[in-house]
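*Asks:* Using the hints provided, position chains L, C and X relative to the given structure of chain Z.
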Amino acid sequence: MNKVVASAEQAIKDIPDGAVLMLGGFGLCGIPENCIAALVKKKVSNLTCISNNAGVDDFGIGLMLKEKQVKKMISSYVGENAEFERQLLSGELQVELIPQGTLATRCMAAGYGMPAFFTPAGVGTEVAEGKEIRNFNGKDYLLEIAFDADFAIVKAWKGDTDGNLVYKETARNFNPLMAMAGKITIAEVEELVPVGELDPDAIHTPGIYVHRIFKGSHYEKRIEQRTVRKKN
Amino acid sequence: MNKVVASAEQAIKDIPDGAVLMLGGFGLCGIPENCIAALVKKKVSNLTCISNNAGVDDFGIGLMLKEKQVKKMISSYVGENAEFERQLLSGELQVELIPQGTLATRCMAAGYGMPAFFTPAGVGTEVAEGKEIRNFNGKDYLLEIAFDADFAIVKAWKGDTDGNLVYKETARNFNPLMAMAGKITIAEVEELVPVGELDPDAIHTPGIYVHRIFKGSHYEKRIEQRTVRKKN
Amino acid sequence: MALTKEQIAQRIARELKDGYYVNLGIGIPTLVANYIPAGMNVVLQSENGLLGMGPFPFEGEEDPDLINAGKQTITTVPGSVFFDSAMSFGMIRAGKVDLTVLGAMEVSENGDIANWKIPGKMVKGMGGAMDLVASAKNIIVAMMHTNPKGESKLLPSCSLPLTGTRCVKKIVSDLAVLDVTSGGFKLLERAPGVSVEEIKAKTAGKLIVEGDIPEIGI
Amino acid sequence: MALTKEQIAQRIARELKDGYYVNLGIGIPTLVANYIPAGMNVVLQSENGLLGMGPFPFEGEEDPDLINAGKQTITTVPGSVFFDSAMSFGMIRAGKVDLTVLGAMEVSENGDIANWKIPGKMVKGMGGAMDLVASAKNIIVAMMHTNPKGESKLLPSCSLPLTGTRCVKKIVSDLAVLDVTSGGFKLLERAPGVSVEEIKAKTAGKLIVEGDIPEIGI
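Residue numbers (the working numbering), protein chains in the order written: chain Z, 1 to 232; chain L, 1001 to 1232; chain C, 2001 to 2218; chain X, 3001 to 3218.
Chain Z with its partners taken away, still in its complex shape:
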């Protein structure tokens, strides 16, 4: 069992054109920066990307959009990206918008082997169109199905060589859910440690879900909305 690969290029080298990818992160927080750069470099195209957001013009998934590598985005919110808007309006890009909790739970369902579940989000809205609606205890729910992704690409804070992962603060977000959901899961980490160094009680993603892991580098961690208070 050797899950450790040398680089982002190695980790993503067999991702083919037309693949369905999950990419962790919320906005620009906790995104797999190294793998995105490698995907741009490799010029993989025709991708379907499941990710809560679509980056900004010059960072995150926006970098792949700029190179027209993305055929379809499945997201909950795709603002803050002019090139995205241009491609969408011109019909070059397809977008499927999904309520954020449904997006998260469809990832989890895949990782938990549950093909479908019921959720109230979207009842009575256009999100419900074509979906089964069922009443439980007097309330209506939609039937939503688990995602089916070829690769999940996530970013963790620390990982060990068995693929166990720990996330930091709100950079956790969709990462552990997508890590469970990929047929192949690739994790990039800020710190790669030997097995036994992570506290077994405090691991967020058990290594059984992770197929490839590498130590990323040069994390920019760009801030999307810098909001501060003045000292005194």
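Check each hint, because a few of them may be wrong.
To be verified - No more than 27 Å apart at the CA atoms, straight line, and that leaves these computed lysine-lysine pairs for DSSO-like: (1) K3005/X with K3117/X; (2) K1003/L with K2017/C; (3) K1066/L with K3117/X; (4) K131/Z with K2137/C; (5) K2169/C with K139/Z.
What the hints assert, rightly or not - From chain L, some residues computed to sit far from chain X (all C-beta separations above 10 Å): (6) V1005; (7) Q1094; (8) K1131; (9) T1161; (10) P1194.
Calculated directly from the structure, the hints in this document are not laboratory data.
It should be emphasised that the depicted structure is a prediction, and the values quoted were computed from it without experimental measurement.
C-beta: ideal position from N, C-alpha, C; glycine also.
*Replies:* For chains L, C and X alone, coordinates are given in the frame of chain Z:
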């Protein structure tokens, strides 16, 4: 907001006869010893207990069975208990047996506000009787519904005064799932610490799920199957 | 005098209770955090995976791994806890969040809300709004009573695509505080110096006015 | 000579591969852990919430908070991780566990398994068995070929209440190694000195015998 109560007696004082309880633990590992003792002392009766196991004759839920406080057990495995067997065969006690993963997921579904989900466990067996079966991607699944429990009673290793909980090793088991699932959740902990002492990245049960918390005492932590190797 | 955005937030803060877990949406709802009464323990949930959100960081102390659902840099308070997005919406769906405050483009007299999509305009997405409105046990909408053209945003039925149905419990607008009842919008309070007649004129949906309507005390 | 329980476990261990995540049931399957080839990295999953199960603790070092699904005191290996029961069965259902080894009372020629209930006897429950057999991608059954009365446990169809259907892939009994194929039980290997005729006689379900059947090398 004051979730801290002085004792197990205080924590369970409003649990009425006929209540539906969830009790955390796997075998005798991670069980809420203090609350069970208080329930025995209070002589609450006619209880429905959702718990993976039913204790042994003189420990765990077995103590409540001995006092005939339990009307019905909902469990995955109920061996190791002679009094249990006697009550079952005499018809004093009802038992509903559920696959362990289904039991766990029905707790989680309650805590996640999902009224129902699909799982393959039990397809083609007597567990499937009367349940909806649906095929997804060529495989059959059963529709299972979330539990509805009045009180969840769990045992954690450490907790803070806001109700945030951390479990130790395999004493985690069903505890975090049941903690999410009770209308009222009661947590007993070995160590009760001030807010801010637990690592926010390593909390298993966020305090939002916990209504009452207290520091338990005199934990016996009985071992059910003591298996050892000899040194050298 | 219509309320300012700050005053709308201030009025909503009076709906808070000790021990509440609260989710505040982007815009006016975010301002509510500034008016939590001293000594009251209110825990703020951010749906990207945090309970115990604190104020913005001091300059130079921004942490890119620590943001709220509006992608703003934030801090945490003692007792905070991080979790993934599935658990975050899990606790929302399970009704563990006591109060949700969000903005709206339109609210109908039966409590429907529209706040995510304008046909013909670029659609950015619903984010977590559909999950929140479908699940929260208590939803207060913070909004302007009318749109920039002066048209009422409190309608018999929404004209825009819905975010959720029959879910809004209360509205605090720049002109009034209203409960959404089975009979329509029930006027509870009016902005200082704003007449019942003006509110009537600017409320297209059914408005219930019973007895004297006090001014909002800010 | 029929295989001993230890030898059955030893033979099953030869099905392991480097990097496998494996769930071992109670009884003979547990013994498989003793025969993992040196240098091979196999991670043991215990469905009560552990990946990376190690051997029993040394006397005096038992930890009541650290048990396996058989409620036995155990240890962990470096890289172990604890999780709750929902995630544990989640990874099982999602097919992340490469191999499940469990015991059986009966297996049918189409791969059905019965191992949890005998009508008229006290029923203790299915524990995690139904989840495991419904979900595991590769299931090997470790069992005696016949019951104490000498009756075959490899049947045309199970007589006992089922645990799961069409799920068993391979059987290692005291007499033989067999694949469960669409045509029935396919004999692969026989215990040293046990004849094909004896296996035929003790297999009630359809047995496929093609060519020479080698002895199990232990």
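*Asks:* Quick one, are K1066/L and K3117/X close enough, alpha carbons at most 27 Å?
*Replies:* holds, 25 Å
*Asks:* Between the alpha carbons of K131/Z and K2137/C, is the straight-line distance 27 Å or under?
*Replies:* holds, 24 Å
*Asks:* Keeping to a limit of 27 Å between CA atoms, is the pair of K1003/L and K2017/C held or broken?
*Replies:* Given that 27 Å is the threshold and the Cα spacing comes to 15 Å, the pair holds.
*Asks:* Using Cβ atoms and 10 Å as the threshold, tell me whether P1194/L really stays out of contact range of chain X.
*Replies:* holds, 24 Å
*Asks:* Could you let me know if the closest chain X CB is still more than 10 Å away from the CB of Q1094/L?
*Replies:* With a cut-off of 10 Å, Q1094/L remains clear of chain X, as the shortest Cβ separation is near 13 Å.
*Asks:* Keeping to a limit of 27 Å between CA atoms, is the pair of K3005/X and K3117/X held or broken?
*Replies:* Roughly 22 Å separates the two Cα atoms, so the pair holds.
*Asks:* Once the closest CB in chain X is found, is it more than 10 Å from T1161/L?
*Replies:* Check passes; 23 Å lies beyond 10 Å.
*Asks:* Any Cβ of chain X at or closer than 10 Å to K1131/L, or is the non-interface label fine?
*Replies:* The assertion about K1131/L holds, with a minimum of 13 Å to chain X.
*Asks:* Between the alpha carbons of K2169/C and K139/Z, is the straight-line distance 27 Å or under?
*Replies:* OK: K2169/C and K139/Z at ~17 Å, within 27 Å.
*Asks:* Please settle this one: V1005/L was flagged as non-interface, so is its CB more than 10 Å from every CB on chain X?
*Replies:* Holds, because the least Cβ-Cβ distance between V1005/L and chain X comes to about 24 Å, which exceeds 10 Å.
This entry satisfies every hint, going by the numbered hints stated previously.
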